[in-house]
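Novice: Make one complex out of these two single chains by using the hints.
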Amino acid sequence: MKRSSWTDYQKEIADNDYYYARSCIRQNFFPGSEKVFLSILGKDLGRNIYDDPLHTSCTGIGYHSDVVPLETIMTVVARQFALMNEAGYENFTSSCITSFGIYTELLATWEEFPEMLDKTRENLYKATGREFKIPKNLAHTSDVIFHHREEIAQKAKRKLVNAYTGEPLRVVEHIGCHYAKIFPKKGVGGSEFPYVLAGMVESWGGEIVDYPERRHCCGFGFRNYLVQANRGYSIANSHKKLESMAPQKPDFIVCNCPGCSMFLDKWQYTIAEMEGTTYGQNGQGIPVLTYEEMAGLILGYDPWADLGMQMHQVDVEPLLDKLGIEYDPAAKYLGRNGKYIGKPEAALINGCSEDRLYKINR
Amino acid sequence: MKHVIVIGGGVAGMQCASELLKEGVKVTLLEKEQNTGGKLRNWYKLFPTYTPAEEVLSALRHKLTGAKNLTIKTGSEATAITPKKVTLSSGEELDCDAAVIATGFTLFDARIKEEYGYGIYDNVITSADLEQMFTRGEVRLKNGGKPKRIAILHCVGSRDEKVCQRHCSKVCCVTGVKQAIELKHLFPEATVFNFYMDIRMFGPGYEEMYREAQTQYNVHFVRGRISEVSPTFDDKLQIKAEDTLTGRPLKMGVDMLVLLVGMKANDLNSDLVEKSFLKQQPSGFMQPRNSFLGNVESNVGGIFYAGAVTAPKNVGESLNEGTAAARAAIEWLARK
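Here the protein sequences line up with chains A and P, keeping their order. FYI, the numbering for the first sequence is 217 to 578, going by the numbering used here. FYI, the numbering for the second sequence is 7 to 342, going by the numbering used here.
Only part of the chain A face toward chain P is listed, based on derived beta-carbon distances under 7 Å:
| no. | residue |
| --- | --- |
| 1 | Lys218 |
| 2 | Glu408 |
| 3 | Asp426 |
| 4 | Pro428 |
| 5 | Pro463 |
Everything labelled a hint here was simulated from the structure, so no lab data went into it. Note that the structure is predicted; figures quoted are calculated from it, not measured. C-beta atoms are modelled at their ideal positions from N, C-alpha and C, and glycine is treated no differently.
Isolated chain P (complex conformation) (with noise of 0.2 Å):
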């Protein structure tokens, strides 16, 4: 029986291992955290559908739940790979036939835009600690009282050359939408900006999600970034922007803020390079073998691709590359 070693528990990973089974394929899904689910276990609601995150990620656990050739190695780091072999960062050294990296992102450290003041300001917040609010039931400020006016930044850590990070995070501005959408229902009365570059709803539904929260839920949306946070005396924080629709610079005082974190590459891929002989593209996301015939193949045979370890995607790419890349991973041992 071929083996096959999926490196990521996330849902691209959890989603290749499912259809490799499927197909008579041995598997062994690594995962460096003790619980499978990556990202997603700490997300609320996803969009535009507002499905549950435990939804999605229940019917994937599902579909593995007592799978007979299957292994999960919880707290388990991949360090090198190979087609042949995958090393752990214990040391420990698992053979296979082929191997595929789902390993996925890292959420951008919205410490490094000091100038937002996250981590010394108590009501600056990410998006991933407001879903985490969400899921609590909590979304409060730091006194416990209610927002009244709250501002969401996007682009923190993506299109950003100041910070290296280039790319677009593709995901986060509908995410905004999302979470704006989410706190008129948490909070009716308040008043919600939306501060932007621009609004890229790729998706379908996205657009009719942007127009609904301006129609609908009266958010407001300021194409402009800001600049810099300050407390002020009564508590609140002050934030500088420019309106650069009406060129004017605005300065507002709100009771939170939230930074919409980008996607950067994940941390470990430059230590894949060094080890496995794998390429990166310059914006530190791993570098697939061709980008329209060859999207979850790398460029080393029988190691392949799954999810936002290439590029910024959402769930349902990752899910669909997850099943891409082990289609490609059994025609690949088939030719063996």
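Looking at chain A on its own, in the form it has when it is part of the complex (with noise of 0.2 Å):
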């Protein structure tokens, strides 16, 4: 893909002693995506990470389904500051693209704003009595990997490439609405050519694609899913971007936000049961990737037991044999003990002939 302006928007990303702040949701649909991440920083990378026990969700979620007022969201992102500062830190990285959406914002205002920071200081000292520093350097944490991505590459076992043909693999990435289309500066690439998950697929080797609704939401977008009856937006905008870039023929997506990686996957196996599509090449769905399990593949990692991919719910087992990843199939369902977790009916987004619930044929 041809690009031009990515190099016009660079932001500063710190090189080591990050504060990490998780995200609520991710630890639920791709669990070991956070875990790697802490692994690779801290072991791969050798550098210096803390993950906190004490910060809470940044109430992000309940502010855009406009549960959490604006002064109460403010208060709880001093806290998670105030608690990095106590732990000495400067750099904040958080997991979630929301929770990045919502940190830049809310810099953003305060400097607009001043007396919003006055008032937020005071409002979390009377709440906590504690006091805040602004971070020094905020990044999401895919701009964290994408800064070390060259180095990944060279500590890499292995390369997105197609060990059958060798070529590159075809990747579709897709970096949530609240990266960069609310600050545009605050991303890497800026909003309409993101480059933070299109350098690293690059950098290890594999080719993105293009097409015609990649700019496109995943369909999350809070109240489409949290209110029930809006869920067919949801579907409908997931639907509108799985048939826009299947004729590219992508062997995997990535994501870069909690949400867009839940939906983009789950909707596949939705679709497929309500009306027996799928969009992968070989008849089954296409797997979608977190950006933290795309570099754990090249530097690695087990996608059982350190990736937990066995949450996905397409497959990733056809893209890890294109990838020439040698895996224990029998160790899939098997949990941190070795215990059996159970495993889910075969479905027609796997390859199952026979949707056993609905009588599609395939």
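Specialist: The following block contains the structure:
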């Protein structure tokens, strides 16, 4: 994909000493991603990162759903920064795109309206007795991986290359609306031709493919999903994207945002169940990876024990085979202690010829 | 003999120089490029008469050819201007009795509107690119094919607060109509769409041209701006827009997208303000002394303006201002 402008959007990304803020939902849907991020930073790259058990949700989901007022979220965010200060850190990195958008938005608001910063300081002090400093550096965790992408490439055990053909894997990237659409200059590459995921894919040997609905929202949209009556909007958006990307025959989708990873993965199952439609070249779904999973796979982490990829709705085995990764199929549904954790019913999205619930034949 | 330095060798500057020479004034014409002619050198035909741009330029050059009191200095950029002296980027200083600034405008850089993919998608071009294609006789897609569906988007870098260009560039609407008709001449089978906010047909013959585009050439006019452009699997461009007359979003595939790039204030204007005590308008264009009775005069006595340095203008208006600025300069010299 041709790009001309990503270098115009360079942001400063701290090289070391990060205070880590986890996502509310990622640990449920892609549980290995945050764990392997800490491992890549700490063990593979030798960087210092602090995973603080004291921090809370940023309340972004409530804020975007109009149940958390602005003053409240400002105070909660101020507390996160205070915790970072107390732990002796200055560089804040968040695992969630919505949180990253929230932190970016509030820092910009405080800069534009200093009286709101004063009010937030007052609220935090009254509520917790804490004080806080503005972070020296704010980055999303994908920015941090992007920053270290060449070092990761040097340590990688494999490339994003099809082991059967030797061709680069074709990758669709999706950065998520809150990464750069609100503040384009705070995202690597801006919002129209973002480079944060594309840069990783290119450095690790893959090929990014463009498609008509690349910039379109995955459909999460908070109230699209949280209000049950609106869920049709949510799946309609994912459907639009999947229909648009399928002719490009992507080998996998890589996502930046907890919601996007979840919906682009799980709505594929739903669409297959509802319509009998699948979008992968093999008649199955298109695997959806987080960028930490993508990094973990090329660095040689185990897809099940380390990356937790058994939690994906679309099976990743066809992709693992393409990458030439050896894995134990029997270990897929074993928990951390080796105990069998159960296996989902076979589904159309993963190559079952007949839907057992709705009687849809392939 | 009085000496006037005219800065800018486009149509306004050339016209101004020729009028000054007629009145026995010694003229130095400065042009930063290697040739005179300004932006018109890259233009094909002029609305609404389809007069070749080269015809206008040849006539202007002819007026200046052999003039004994004229010095043309190409490749020369003025960095500071006073009524008594003009300093060039080379450091050379030229004495004078008055100066006329006819430095024109800067074409809006379409890459700034990233959502349209100019410089990224091969068949997204600007109106200026299309004029050059017309001149070369090579209006083709990147793969050499003929376009079958073409969209022309108005107001790229005009009336757009997001890129700090709040003003109307004035001539893009009629340029879009002219180029649509020219494309239909070349490709009668092609479908041509113009996406517009308002159609502003201010000049004589323009409204007639707009009507003709619809009735004789079947050019489609859609009121709405394009929000984004993406490539399709079959090497076309998908555009998204809103048709604000029907109130519905719209998505279509086209082979070629032409961006009607606006006229922004000359990038060098802020330097002039800093070094020459001249005033700028909020739009960045230079501020005339008076919008009605002194529109070719600056706030500094002995420095005059001609053409699009003060606002977007068409060729005819720029030529008239060249004449008016020469007249104002002569009157000022006579009063001294």
